[in-house]
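Chemist: The lines below spell out each chain.
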Amino acid sequence: MNYDRPELRDALASEYVLGTLHGRARRRFERLLKDDSKLQAAVDFWQRELVPMAGPLSVAAPSPRLWTRIEARVKPQHAAAQPGWFERWFGVRGLSGLAAGLVLGLGVMLIAPQMDRTADGEQQLPQSYAGFLQDTQGRPTMLISSLRRGNIVDIKVLQPIELRPDQVLQLWGLPKEGAPLSLGIVPAQGKGRITITGTSEQWLANVPELAVSIEDRALAPLPAPTATFVLRGPCAKFW
Amino acid sequence: MSDRTGAQHDVGQLLARVALRDQAAFKQLYDATVRCLLAIVTRLLRDPSWAEEVLQEAYVGIWNSAPNYSPLKAQPMTWLMTIARHKAMDALRSTTSERETVVRRSANEDDEDDTLTRVADEAAGPLQSLIERIDAVRLRHCLQSLDPAQRQAIALAFYDGLTHSELAAHMRQPLGTVKAWVRRGLERLKPCLKG
Numbered sequence: 001m002n003y004d005r006p007e008l009r010d011a012l013a014s015e016y017v018l019g020t021l022h023g024r025a026r027r028r029f030e031r032l033l034k035d036d037s038k039l040q041a042a043v044d045f046w047q048r049e050l051v052p053m054a055g056p057l058s059v060a061a062p063s064p065r066l067w068t069r070i071e072a073r074v075k076p077q078h079a080a081a082q083p084g085w086f087e088r089w090f091g092v093r094g095l096s097g098l099a100a101g102l103v104l105g106l107g108v109m110l111i112a113p114q115m116d117r118t119a120d121g122e123q124q125l126p127q128s129y130a131g132f133l134q135d136t137q138g139r140p141t142m143l144i145s146s147l148r149r150g151n152i153v154d155i156k157v158l159q160p161i162e163l164r165p166d167q168v169l170q171l172w173g174l175p176k177e178g179a180p181l182s183l184g185i186v187p188a189q190g191k192g193r194i195t196i197t198g199t200s201e202q203w204l205a206n207v208p209e210l211a212v213s214i215e216d217r218a219l220a221p222l223p224a225p226t227a228t229f230v231l232r233g234p235c236a237k238f239w
Numbered sequence: 001m002s003d004r005t006g007a008q009h010d011v012g013q014l015l016a017r018v019a020l021r022d023q024a025a026f027k028q029l030y031d032a033t034v035r036c037l038l039a040i041v042t043r044l045l046r047d048p049s050w051a052e053e054v055l056q057e058a059y060v061g062i063w064n065s066a067p068n069y070s071p072l073k074a075q076p077m078t079w080l081m082t083i084a085r086h087k088a089m090d091a092l093r094s095t096t097s098e099r100e101t102v103v104r105r106s107a108n109e110d111d112e113d114d115t116l117t118r119v120a121d122e123a124a125g126p127l128q129s130l131i132e133r134i135d136a137v138r139l140r141h142c143l144q145s146l147d148p149a150q151r152q153a154i155a156l157a158f159y160d161g162l163t164h165s166e167l168a169a170h171m172r173q174p175l176g177t178v179k180a181w182v183r184r185g186l187e188r189l190k191p192c193l194k195g
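Going down the list, the protein sequences come from chains A and B. Under our numbering, read the first sequence as residues 1 to 239, first letter to last. Under our numbering, read the second sequence as residues 1 to 195, first letter to last.
Since the hints were made in silico from the structure, they are not lab data. Among the hints, erroneous ones may be present.
[Said to hold, decoys possible] Here are the computed distance ranges between Cβ atoms for each label pair: (1) B/Pro48 <-> A/Gly190: 17 to 23 angstroms; (2) B/Gly12 <-> A/Glu201: 31 to 37 angstroms; (3) B/Arg183 <-> A/Asp4: 33 to 39 angstroms; (4) B/Arg183 <-> A/Ile152: 54 to 60 angstroms; (5) A/Gln40 <-> B/Pro48: 42 to 48 angstroms; (6) B/Pro126 <-> A/Ala179: 44 to 50 angstroms; (7) A/Arg24 <-> B/Asn64: 25 to 31 angstroms; (8) A/Asp36 <-> B/Pro126: 25 to 31 angstroms; (9) A/Pro165 <-> B/Ser49: 22 to 28 angstroms; (10) B/Glu187 <-> A/Gly190: 42 to 48 angstroms; (11) A/Asn151 <-> B/Arg183: 58 to 64 angstroms; (12) B/Ser129 <-> A/Pro6: 31 to 37 angstroms; (13) A/Ala72 <-> B/Pro48: 25 to 31 angstroms.
[To be verified] Below 20 angstroms or equal to it, Euclidean Cα-Cα: the simulated PhoX-like pairs (lysine-lysine) are: (14) B/Lys190 <-> A/Lys38; (15) A/Lys38 <-> B/Lys73; (16) B/Lys73 <-> A/Lys75.
[What the hints assert, rightly or not] Under 8 angstroms between C-beta atoms, here's a sample of chain A residues computed to sit facing chain B: (17) Ala54; (18) Leu57; (19) Val74; (20) Glu162; (21) Asp166; (22) Val168; (23) Thr195; (24) Ile214; (25) Trp239.
Yeah, the Cβ is synthetic: ideal placement off N, Cα and C, and Gly gets one too.
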């Protein structure tokens, strides 16, 4: 079947959202939906326009037992069973010991080429800011680093983030108080660099957390996030 | 009914806080929306305990996906209802056990009135009153502009989750006829909704 015809796409998308597509046809449609952005757009339209039919529906509230079960499932994960040193740098988040070690190792590798030597010849990492961002499932996704007095921010993406062609990722510093600060556009995979005006100290000295949002390519970089954050994590001083 | 625009705005704000992992906001979001989402799921699944199970999945899904929600994509309440509906549809369409089909009988069982009259009678019933209470003006208007049979078929499919076969049994029509009512109805909705 040729799914390139817009009428067919629309017919399937509308019946999928309505609920009359079922069985094998439904499963096949969902498989196609994963990779087909035109099909996704058709489904987006029908979900946006048709689902408000359900607005007037209402019943009595369920038993409190339901909330108890939901709450138990979304509770934050317990602190990683990891040496206190890691937790001091990166706070309490559900990270396995192996993943934590791997991420730290990668973080060090990222800034290792710039190793300084102290007066007595010992190597030490130059004074830097390091950020470690996770996705909503707690998976390590992005490493950020910047020399304290530098104006370059290095980014390394640990697991690629899926974006539509019309989307970009924007990096934000979340200060202790006040609105998020835009640091710039970052890649969704591989490595990247942002050049900032001023030093990273000026940007990050009072920024305990970093976050990433998905924004419209045509509009970004934006002065304030329009979308909710897809990545988030602590930013720490490496000295 | 309370100010819907205000309520929508609150849901949007709560959702933004949920994305930032604010558990108190998540409870508030739950309290503000559970009656609607439970209604959607219960109407589709019929069984109250099955509905609660699926609703649990829906709210966990809302928690997990909140960071991916963009106000540019959809209204907050629409987004929540889509998730609840999708979970219920997944449950309904994946199950091998047949859900009991409730076949409503018209007031005049022995009446030999033609199909359209019978459908028109039903159209004056509860589903019609639901449609009249739809907030989205354009959607309401577009649904009202359909033929009664098309509107009825679409409403039964949407609200009660009837398959084509169940629609045929309920409306006492051949399978091909109800499929055509759904198809033509949706085809007519599209240009109307695009405005």
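Chemist: Which hint numbers doesn't this structure obey?
Modeler: 1, 3, 5, 8, 9, 13, 16, 20, 21, 22, 23 and 25
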